[in-house]
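Asks: Given the sequences, and given the hints that come with them, work out the whole structure.
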Amino acid sequence: MRVTVIDYKAGNLTSVLKALRHEGAEAVVTDGDLSLVETAERIVLPGVGHFAATSRLDETGLTQAIRAAIARGVPFLGICVGMQWLYAGSSEAPEQPGLGHFAESCARFSESNEKVPHVGWNSLEVRAGSRLLAGVEAGEYVYFTHSYKAPVTADSAALTHYIEPFASAVERSNVMGVQFHPEKSGATGLKILANFLRWEVKGAE
Amino acid sequence: MITKRIIACLDVRDGRVVKGVQFVDIIDAGDPATQAARHARDGADEIVLLDITATHEGRATLLDTVRRTARELFVPFCVGGGIRSADDAAQVFEAGADKVSVNSAALKNPLLIDDIGRSFGAQAVVVAIDARRDPEAADPVRSAQVYVHGGRKLAGRRVVEWAREAEDRGAGEILLTSMNSDGMRTGFDCELTAAVSEAVGIPVIASGGAGTVSHFVDVFGRGKADAALAASIFHFGVSSARSLKEELAKAGVSVRLPC
Numbered sequence: 001m002r003v004t005v006i007d008y009k010a011g012n013l014t015s016v017l018k019a020l021r022h023e024g025a026e027a028v029v030t031d032g033d034l035s036l037v038e039t040a041e042r043i044v045l046p047g048v049g050h051f052a053a054t055s056r057l058d059e060t061g062l063t064q065a066i067r068a069a070i071a072r073g074v075p076f077l078g079i080c081v082g083m084q085w086l087y088a089g090s091s092e093a094p095e096q097p098g099l100g101h102f103a104e105s106c107a108r109f110s111e112s113n114e115k116v117p118h119v120g121w122n123s124l125e126v127r128a129g130s131r132l133l134a135g136v137e138a139g140e141y142v143y144f145t146h147s148y149k150a151p152v153t154a155d156s157a158a159l160t161h162y163i164e165p166f167a168s169a170v171e172r173s174n175v176m177g178v179q180f181h182p183e184k185s186g187a188t189g190l191k192i193l194a195n196f197l198r199w200e201v202k203g204a205e
Numbered sequence: 206m207i208t209k210r211i212i213a214c215l216d217v218r219d220g221r222v223v224k225g226v227q228f229v230d231i232i233d234a235g236d237p238a239t240q241a242a243r244h245a246r247d248g249a250d251e252i253v254l255l256d257i258t259a260t261h262e263g264r265a266t267l268l269d270t271v272r273r274t275a276r277e278l279f280v281p282f283c284v285g286g287g288i289r290s291a292d293d294a295a296q297v298f299e300a301g302a303d304k305v306s307v308n309s310a311a312l313k314n315p316l317l318i319d320d321i322g323r324s325f326g327a328q329a330v331v332v333a334i335d336a337r338r339d340p341e342a343a344d345p346v347r348s349a350q351v352y353v354h355g356g357r358k359l360a361g362r363r364v365v366e367w368a369r370e371a372e373d374r375g376a377g378e379i380l381l382t383s384m385n386s387d388g389m390r391t392g393f394d395c396e397l398t399a400a401v402s403e404a405v406g407i408p409v410i411a412s413g414g415a416g417t418v419s420h421f422v423d424v425f426g427r428g429k430a431d432a433a434l435a436a437s438i439f440h441f442g443v444s445s446a447r448s449l450k451e452e453l454a455k456a457g458v459s460v461r462l463p464c
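Protein sequences, first through last, are from chains A and B.
Just so it is clear: in the first sequence, position 196 is 196 by my numbering, and no numbers are missing.
Just so it is clear: in the second sequence, position 66 is 271 by my numbering, and no numbers are missing.
Since the hints were derived computationally from the structure, they do not count as laboratory data.
Hints should not be assumed to be uniformly reliable.
What the hints assert, rightly or not - The calculated label-pair distances, taken between Cβ atoms and stated as ranges, are:
#, chain 1, residue 1, chain 2, residue 2, range
1, A, Val-29, B, Leu-316, 27 to 33 Å
2, B, Arg-363, A, Arg-67, 48 to 54 Å
3, A, Gly-24, B, Gly-406, 36 to 42 Å
Said to hold, decoys possible - Below, in silico cross-link-like pairs of lysine to aspartate or glutamate (EDC-like), each with a Cα-Cα straight-line distance of 20 Å or less:
#, chain 1, residue 1, chain 2, residue 2
4, B, Lys-429, A, Glu-114
5, A, Lys-9, B, Asp-373
6, B, Lys-313, B, Asp-373
Said to hold, decoys possible - Stretch by stretch, here's where chain B covers chain A in the computed footprint (C-beta under 8 Å, at least three residues):
#, stretch
7, 7-18
8, 48-61
9, 182-195
Only a predicted model underlies this, so the values are computations on that prediction, with no experimental measurement involved.
Glycine included, every Cβ here is placed at the ideal spot set by N, Cα and C.
Replies: Shown next as structure tokens:
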């Protein structure tokens with residue numbers, strides 16, 4: 001199974017590549033070679049760092065190529081900022097639009113006495129029917145590190161509580177995102193990546 | 206619910222795990238890659254590798270050690286020691302680290318924190334602070350001083366102020382080591398940890414002094430730590446992270462279990 005991993009020069013891909021390869025994927029990286037997106041069997045958009053860095057996706061034409069791939073039904077997984085990019089935008093970089101696949105926007109955690117960023121292992125409340133999170137039991141933990149988050153909506157595949165409930169995973173047919181880092185979440189994270197790699201396109205989307 | 210992290214720390218010199226008691230009397234405790242894998246399997250929430258090799262030749266050894274250690278590690282992995290520039294950090298990330306910890310070099314050149322944060326994100330920058338308090342001082346917590354070069358030299362900064370500056374410059378976490386208690390197994394410095402944790406809005410990892418489960422309960426409670434580092438408590442069969450966390454759960458601390 002070949003996976004095209006998008007590099008938009010916003011941090012370190014080593015861990016994501018290592019985890020995908022551990023689960024048997026042939027991972028190829030593109031920072032602007034659109035043919036690797038046009039022929040992609042799966043796409044992973046990782047992300048650590050600032051939402052503003054996603055402007056590079058627009059500049060290189062990757063945004064349009066990814067949009068077209070998603071429309072063809074190619075399974076897509078966004079991780080952390082890569083998930084947030086699926087929404088209309090983020091208050092972290094208000095001038096930078098996201099893909100807008102999900103209509104809502106991401107925002108910083110509300111002011112509270114809790115630390116921001118939210119760093120560490122937290123649990124998932126998985127919604128029934130999630131294919132990405134199949135087999136993840138109540139009480140399994142995953143690793144988070146982020147200051148911005150997506151709102152809870154009908155498309156949320158899992159919720160996590162920190163300061164307020166937020167969408168820790170989103171899923172609508174072939175488009176999926178996780179706010180946590182599956183590549184750093186031990187056996188649970190590897191199981192989620194394996195689910196993504198096994199995700200089968202069911203007829204016409 | 207967010208859980209308190211138990212971080213296994215490997216002090217590495219010339220490619221081997223060692224552990225100092227107050228930074229001297231170093232004892233060999235094995236291969237870093239093997240030790241890291243064992244800690245992850247035994248329930249550690251994160252692995253920190255601190256390279257205490259001082260020599261230039263040691264740098265190449267370190268990158269090889271990081272690469273070997275990261276290969277089969279699927280929990281967060283932080284590497285510190287000898288990172289003096291954003292380029293040094295880039296090499297360590299390329300070798301498979303998720304975070305770097307900077308200490309002396311950041312005190313010498315605080316822009317290092319900004320630089321690494323800009324290139325790799327705040328979540329990738331841990332500022333390590335070696336702190337020592339003078340028990341004779343009127344306010345030993347507020348006046349606690351930062352030390353550099355393995356604790357041999359005063360940095361001329363107060364701990365709480367430096368922690369605040371590190372946060373302002375874009376550090377994602379603070380790793381606070383109490384040199385008064387390091388290796389003593391008499392407990393963490395909860396007062397100092399709480400003072401730093403209250404002064405910053407980013408997570409604080411407490412280090413130095415772990416000897417018993419109740420020391421961890423204390424530092425997560427009155428110490429207000431978000432995570433705690435443990436080294437020698439694991440190395441010689443005292444406990445695994447899993448059994449430590451099972452005891453913490455019984456004491457009412459929220460931890461990642463099963464793990």
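Asks: Under the constraints set out in the numbered hints, which ones does this structure not fulfil?
Replies: Number 5 only.
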